[in-house]
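On the provided structure of chain A, position chains B and C as indicated by the hints.
Protein chains in written order, with the numbering used here: chain A, 1 to 641; chain B, 1001 to 1102; chain C, 2001 to 2169.
Calculated directly from the structure, the hints in this document are not laboratory data.
We put the beta carbon where it would ideally sit given N, CA and C, even for glycine.
Careful, some of the hints might be misleading.
Dumping the calculated SDA-like pairs for lysine to any residue here, alpha-carbon to alpha-carbon at most 20 Å [unchecked claim]:
no.: 1; chain 1: A; residue 1: Lys451; chain 2: A; residue 2: Ile466
no.: 2; chain 1: B; residue 1: Lys1099; chain 2: A; residue 2: Tyr622
no.: 3; chain 1: C; residue 1: Lys2141; chain 2: C; residue 2: Leu2155
no.: 4; chain 1: B; residue 1: Lys1098; chain 2: A; residue 2: Gly617
no.: 5; chain 1: A; residue 1: Lys175; chain 2: A; residue 2: Leu570
no.: 6; chain 1: C; residue 1: Lys2081; chain 2: B; residue 2: Phe1063
Ranges of calculated distance between the beta carbons of each label pair, as one might list FRET restraints [what the hints assert, rightly or not]:
no.: 7; chain 1: B; residue 1: Lys1099; chain 2: C; residue 2: Val2018; range: 43 to 53 Å
no.: 8; chain 1: A; residue 1: Lys590; chain 2: C; residue 2: Leu2111; range: 55 to 65 Å
no.: 9; chain 1: A; residue 1: Tyr609; chain 2: C; residue 2: Thr2095; range: 47 to 57 Å
no.: 10; chain 1: C; residue 1: Thr2095; chain 2: B; residue 2: Lys1099; range: 21 to 31 Å
no.: 11; chain 1: A; residue 1: Gln605; chain 2: C; residue 2: Pro2118; range: 49 to 59 Å
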Amino acid sequence: MEFTISILALPLISFLILALAGMKLPHKVAGGIGTASLAIVAILSYVTAIQYFGAGRGADGLFPTITPYNVTWLPLGETLHIDMGIMLDPISVMMLIVISTVSLMVHIYSFGYMKGEKGFQRYYAFLSLFTFSMLGLVVATNIFQMYVFWELVGVSSYLLIGFYYTKKEAIAASKKAFIVTRFADLFFLVGILFYGYYAGTFSFTPDVRLLASAGIVIPVALGLMFIGGAGKSAMFPLHIWLPDAMEGPTPVSALIHAATMVVAGVYLVARMFPIFIEYAPEVLHTIAYIGAFTALYAAVVACAQTDIKRVLAFSTISQIAFMMVALGVCTSADPHEGGLGYMASMFHLFTHAMFKGLLFLGAGAIIHAVHSNERSFMGGLRKYMPVTHITFLIACLAIAGIPPFSGFFSKDEILTACYSYSPIMGVFMSGVAALTAFYMFRLYYMIFWGKSYYETELKKYQKGEIAEKPHAPHEAPWTMTTPLILLALVSCIAGFIPFGKFISSNGHAYEIHLNAAVAISSITLAVAGILTAAFIYRKDSNRVILSVKVQSKKFIIAAYHRFYMDELWLFVTKRIIFKGISRPIAWFDKHIIDGFMDLLATASQAFSYSIRRFQSGNIQSYCIWFLHGVIILALILIFLV
Amino acid sequence: MIPAEYYLVLAALMFFIGVFGFFTRRNLLAVLISTELILNAIDINFAVFNAYYYPEHLEGFFFTMFAIGIAAAETAVAIAIILNVYRNMGTIRLKNLKKLKF
Amino acid sequence: MILNTHAIIFMGLALLMVIAALLAVTTRNIMRATVYLLFVLFGTAGLYFILHYTFLGAVQVTVYAGGIIVLFVFAALLIGKGARDLTHTSILRYTAGFTAAATGLALTTYLIFTHQFPDVKPLTSVVPINLIGHTLMGSDKYNYVLPFEAVSVLLLACMIGALLIARKR
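Bound conformation, chain A alone:
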């Protein structure tokens, strides 16, 4: 498995080449370098997966954990040392596949989407950097290496969100994303340090005795680490950066803010899962409640958004929350006794990456065609963009949980896990799942059905009401549709992967079996959601919705404004922290600390002014002073010494 080092090295090399020499290269060459290196990485990832899972289970019935590379980077103590290396186990191999696949699709897709864009090479350089960091994150051998790459991922996300750096919103969004996730990462770091200090190790699988000696601190450390994960995975109330991050190019949203980076938090919890379940089950259940609330919140907000990328962003938050819930409802490490959620979560992570990536890429194709994110510029697009339409529909069906598309299987496992934890949780999450179906199909009908904006405009033009002939929407070029089709295919078949055979909470093979009651009820709810959406949004004006809309106007407006969470954060940061704490401290710094320094400076300056006449430039004065000094010294030496 020594070749796995090139999985990390290739994107890094590609990044270095593109970053250092990229601006001198033609667009096609720069993009070609990035895509080619990613293609090799993808192939290597598949080879790794085939070899790893093909090698079979060990004598203990588990897939062995392989570390082809491990270099002790900073030895701090006997057990405490920071390593850099590559670790292969079922979930990291699974993540390798997810990341390299989606990243490759995005690389290809970007050829069409970013065509002729200024900074095309820079864009590919950042994509390579991101892929490198994300791959480094998932293969990390210890939590500190994970943290290093975690921050690298944050930086590349920042760079890519702010890709259109001449756009004010993009800059604001990139800063917001960086600051919010960095704020959360602070807790992550504190958690890591707690863990390292008390348990004496940074390992994912520490010695039991070390953990036992740490005792009560472990839940605290894990909780702090989860806050870091919540920041990256946009859990309520740290979710505020993700919708704004949609200011970046759409393929970036697909790669970073839908498929890979945002699931880093889920991955983190999954990585620490054995410790969680053993030492901090109550923290794990808290995560479940936070996840459940986030899922509902994001789903409700998604129903009221008009910007299609925002809808998808909130849908992402909601779906990640599903994964968190699935991890959180685990009560034991045995998949047959309450440990099902772990497998379900990883399964959903896998399928979600594919269909959410597909949704974002589809949205990108639509935005590419109509040159706007707003739904009022869309409508009736199914005639103009057949490929996008079909793939988008597949993705919608997948996320809504309609068999045989992949989302159904993974979501079904999550719901089963929830029901086995508590019926209330199960019912709650089923409701959110129905809501998911509703808002996704609301989006679908708004984009592809209804009155066509283009046709309306065209009629106006023919009547002579507007001077400009409207732009006809057109199907995306093949570079963009190919990834769509490929991802759609994956979304169709991924559900039939016997996922439990590869990944489960205790590592032993687990046979996925559908719980008939849960499956039927969730299908029914999903269909109900879809039908409601179809009923309301398929045709444009419908008297029933109008009345509903008027009656719940306040609620819809509140949901549109995301229940004023951003405003709340602004209030807390600006009014309370900045005004109440930072300003007085700044005043103290400026007037007391700086004042003292200024005083020193002023005093020495005044002293200097008082003796500056000595420096008259007159050689005779110098000599007089010199002679006086000599005489005084001579007197001292002769009479006093």
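The following block gives chains B and C in isolation, referenced to the frame of chain A:
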């Protein structure tokens, strides 16, 4: 036989008269004249020490001789500099020669 | 101290030198200052003669009185009006200079009279000129051929340097 102290006091007097002139004169040439006075006082001291205390040697003698030679050279260069200063600045008053201050 | 010819000559020379020196640093005319300096230099040459260093006295007269004073005179004449401007300095500078000089003089005189010098064993005869010649040109211990050559090079350098600095551009 004149005591050595007399010579030394005379030399000291000359030296400090030269120093006084060096401090108070405002003209480069006059300052140079004061410097010559100081040099002469030193020369006398060398000769006196040699003649009174170490007559078997000639160190002070030669030191004085070389000092006279070097003083001549130094004066030549100094006067050349003064002439040049006068040509460039139109004055040899020390008060106006402060261009090297900064 | 017995009043003899040497003593009388010394007293006269000393008086002349001190007065001439004082006048040289106080007179307002640069030409006069030069002439007073000449008196001091002659006085010094006289002292050398009393000390039995006749060769040194001759050198003093030739180089100083003959060479340097001529340089001063030429410089004063070349600079002309500018050189004659010998305005005195501020009273503060005057006092400061005077204090420094007076204190220094007092200190030095005190040291001269309190210091224990070794026994006096004065020269009784003139230093023979052939001894001076051999010492100057010899290369043994206490011989001075090396400084002699060094000074000759220095003089050459000074000559070229003075020419370079003073020549008109």
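Checklist entry - Any of the earlier hints contradicted here, and which numbers? => result 3, 6, 7 and 9
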